[in-house]
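One line per chain: the protein sequences are C and B, in this order.
Taking this note's numbering, the leading residue of the first sequence gets 80, the next gets one more, and so forth.
Taking this note's numbering, the leading residue of the second sequence gets 256, the next gets one more, and so forth.
Hints are computed from structural coordinates only; laboratory data are not their basis.
Bear in mind that the values here come from a model prediction, so they are computed numbers and not experimental data.
Where is the CB? At the ideal position from N, CA and C, for every residue including glycine.
Mixed in with the good hints there might be a few duds.
Chain C regions said to be covered by chain B (calculated; three or more residues, Cβ under 8 Å) [unchecked claim]:
hint, region
1, 229-243
2, 359-370
3, 381-395
4, 536-549
5, 575-584
Cβ-Cβ distance ranges computed for the label pairs, FRET-style [unchecked claim]:
hint, chain 1, residue 1, chain 2, residue 2, range
6, B, V532, C, E149, 55 to 61 Å
7, B, G521, C, V203, 52 to 58 Å
8, B, L538, C, V552, 57 to 63 Å
9, C, F611, B, P430, 28 to 34 Å
10, C, P192, B, P430, 48 to 54 Å
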Amino acid sequence: MRTIEIYEEDVLVLVVKKKVYNHNYTSKGRDKLLEVYVVVSANGILFLAAWEIMTLSSFFLVTMENEKPEVRRAGFIYLIAAHIGTAFLFVMFWILAGYTEGTMDFSKFMELPLTQEIASILFVMAVIGFGTKAGLIPFHVWLPEAHPAAPSHVSAIMSGVMIKTGIYGILRISTFLGMPPLWWGILLVAIGLVSGLMGVLLALAQHNIKRFLAYCSVENIGIITLGLGIGFIGITCQNPTITALGLAGALLHVLNHGIFKSLLFLGTGAVVQETNTKQMDSLGGLLKKMPITGTTFLIGSVAICGLPPLNGFLSEFFIYLASFYHIFFAKDQAVLGSIFGVALVSLIGLVLMGGLALAAFTKSFSGVFLGEPRTQATQNAHDPDWSMLSAMIVLAGCCLLVPFGVLFYGPQVFASILAILVPSGMNVVTDIAYACDLIAQILPVFGVFIGIFFALMLLRWMMLKNRPVTQAVTWDCGYLAPTPRIQYTTSSFAQPITDLLGELLHYHKKLEPPTGYFSAKASFVSHAIDIFMEIGYRNLFQYLLKTFRKLDWLQHGRLHLYLLYIAGTLVGLFIWFIEFVR
Amino acid sequence: MAICCISLGVYAGALILAPLLLGIIPRVKAWFAGRQGQPLLQIYYDLIKLSQKGAVYSTTTTWVFRLGPMVCLASMLTAFLMLPMFGISAPLQFHGDLLLFAYFFALIRFFMIVAAMDTGSSFEGMGASREAVISMLTEPSFFLVLATLVKHNNSFSLSEIFNSASPNWSLLPGPVLALSGISLLIVILVENYRVPVDDPTTHLELTMIHEVMVLDNSGPDFGFIMYTSCLKMWITTSLLAQMLIPAMPTYPVWSRPLAIFGTMIGLVMLIGVIESVMARLRLVRIPSLLVGITTASLLGFLLLK
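Starting from the given sequences, assemble the full structure and let the hints guide the process.
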């Protein structure tokens, strides 16, 4: 199975980076390579076992600092969410096994005589089960809890690699289920759009930098799912160009997000370690004290916004182009109105995500690294030592070099992966070649941009060579005693957007304005709540708790009665087997 | 070879002429106000003056602040090279170049914002924050106009969309052209920081966006920013002008470039008129305007068969 290879490469590269980093970040070095087992396993049982071990080991990694109550809470939320997801997967694999007389070999799953309804049920189960791991909205709630609790290199692995196993799972299962009906693709596009937009909006409203990055992962998983959905619609419509561009965009974004999100988490980890705070509004001016961390963080931010000339642009470019092709396709066949709508909505959604991501990352980068320090927290900060820095530098270099990698290896890698994903009748090779050829045409433009940039640098240097270059304070309108506290904070930076879309976020503000002529006290507090967590799941689980309390009388602690339960169940099953099954 | 020379000449000429457009607007406004107004070539004088000055940097700033103007101008120049000019194909073109074109505008925004935030001034932070929200709301409209053109011309490349030699090229149908054209005009106003969204003349007022973001720039850096603005005006108006002026096979070859250039001059004069007859919108009204043009461009897109 060639699908494995790209994942394996991805995983191994990142894990090696983080090992180096981990070594320095904490002495409690526990590591994991279990994602690899998940992706190489070609058997349902093995897959589930590896999946479970991955969940458990990442649970222990999240709860590394388990002396803190909030870390324990986050760990439990993660554990529960992961197991609810896994429950769906168990049922899904059992249903599949029912068709193969009990064997769970993936190769046996390939040509099953599934009816459309059963296939659809299995697909929805896969989306819920794997979507929980991937962090798709509304199953994302564990991400913003687990990431702030986990140490940063663990977050980097979890966000960079582990959540992608969810995407891998959805792809893997879809190969068993035959031709996808149209609504599968539309479902994926819809989930992708909701995850992308809500994810980036929630990210924008966060104050804690790791929660911010966690929500940002939700956004990027949304973009990936959107690409997958467009690709699936392409398969349904038998259009190889859309299929190739959508799936290639999604897969490339998996790799790209793995790179720049790990980079951003490692940078954040360095900042948190140096300053002991995760609050963006307590930081500021760190670029001077941590120049390399700051520079790599800036590169990661540019890349994650999908801006040229870095790798993030390419994957988003493919997905954009796929939705443009949808517009073409729908134009040719006037009947497929829904596809047209999907293409249009995904185009607008992508543009909005791009704009919001730009706001979100300029906010966090400038809040943490630019301006003047807002508190004493940054006083003693400095770049971490080389083992940590090298991981960041290598990842930042990857942001620049991935486009070349795609140029050289893209055709083979995409062709082998897509050969598994698309039905046998469809030939996507020429379209993959077309996509990679586009990269060959984009790269010279990047080159021109970089060339012009260096020419301008030279020009500026020549202009300033013999002229006075002086330093002064930032223009302060003649105000005599400016303090760093009058700077724009990240919350004030995001305020126009959170005000505009605050209803969607349930953004809470508490303002105590200054009163009187010599007012001494005033305060302003704002926070965004995750409506899925605070309203959806909280109420659901409280309802469940209340309902199950009514069964308390069953649990009384008397062993002999418990044995009776077991005996009763066995007898019941026996009767059921005799009467109905045989 | 001859075509190569012509396009080289056109692009070089455009680089030289670009500041002229920004010089026209104040003249129109002066004419409306019954004043003499600044010389038509004032922007050139400013650019020359700035290129001969030294620079003052705030002690708060880092290299990000120094990088900003260069990245902005480099992005703008690259976008400039991807734009067909007067019906001549662009030097840089490929399938889907309009996406990269639009993303270079986003790159400019990114670096304008971080460079402004680097000064640590609450003024500049305020401008940056407004820039982020306004650009976020403008982008869908811009992309929808581009998507309308893609849908109409069956092409992903700006050069093919606007090139009169392409067999697919034709004018958009009337209602679509009106909706997309108006949306694009507003996008031009927003992108170039003009009334009714921003006011380029109000230095040091709390109402403005772009001017406040570049408050701490001086010397060559400020010159770069100014020239970026000139190019931006040139690129955006040229986009709309090429959308409005179709290729007429019966007319001589030189008529279309002339008409396009005339339209561009007309557009900047129109901007001058708009600035003279109306005031800036209140900030809270701007999102309504931008959502409005998004709807208009969406409608245009849907109307197109």
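For this session: State, for the Cβ atoms of G521(B) and V203(C), whether the hinted interval 52 to 58 Å holds or is violated.
Result: holds, 57 Å
Problem set entry | Given coverage of the region 536-549 of chain C by chain B, tested with a Cβ cutoff of 8 Å and a minimum of 3 residues | Per the Cβ count (9), the hint holds.
For this session: Can you take a look at whether the region 575-584 of chain C is actually covered by chain B? Rule is 3+ residues, C-beta closer than 8 Å.
Result: holds (count 3)
For this session: Just tell me: holds or violated, for the beta carbon distance of F611(C) and P430(B) against 28 to 34 Å?
Result: This hint is violated: roughly 42 Å between Cβ atoms.
For this session: Tell me if chain B covers the region 229-243 of chain C under the three-residue, 8 Å CB rule, please?
Result: violated (count 0)
For this session: Examine the region 359-370 of chain C: at least three residues should have C-beta closer than 8 Å to a C-beta of chain B.
Result: holds (count 4)
For this session: Tell me if chain B covers the region 381-395 of chain C under the three-residue, 8 Å CB rule, please?
Result: holds (count 6)
Problem set entry | CB-CB spacing for E149(C) and V532(B) relative to the 55 to 61 Å hint | For V532(B) and E149(C) the Cβ distance comes to about 58 Å; the hint holds.
For this session: Evaluate the given range 48 to 54 Å for the C-beta pair formed by P192(C) and P430(B).
Result: holds, 52 Å
Exercise. For the pair L538(B) and V552(C), does the Cβ-Cβ distance stay inside 57 to 63 Å?
Worked result: violated, 28 Å
Hint compliance for this structure: hints 1, 8, 9 are broken, all remaining hints hold.
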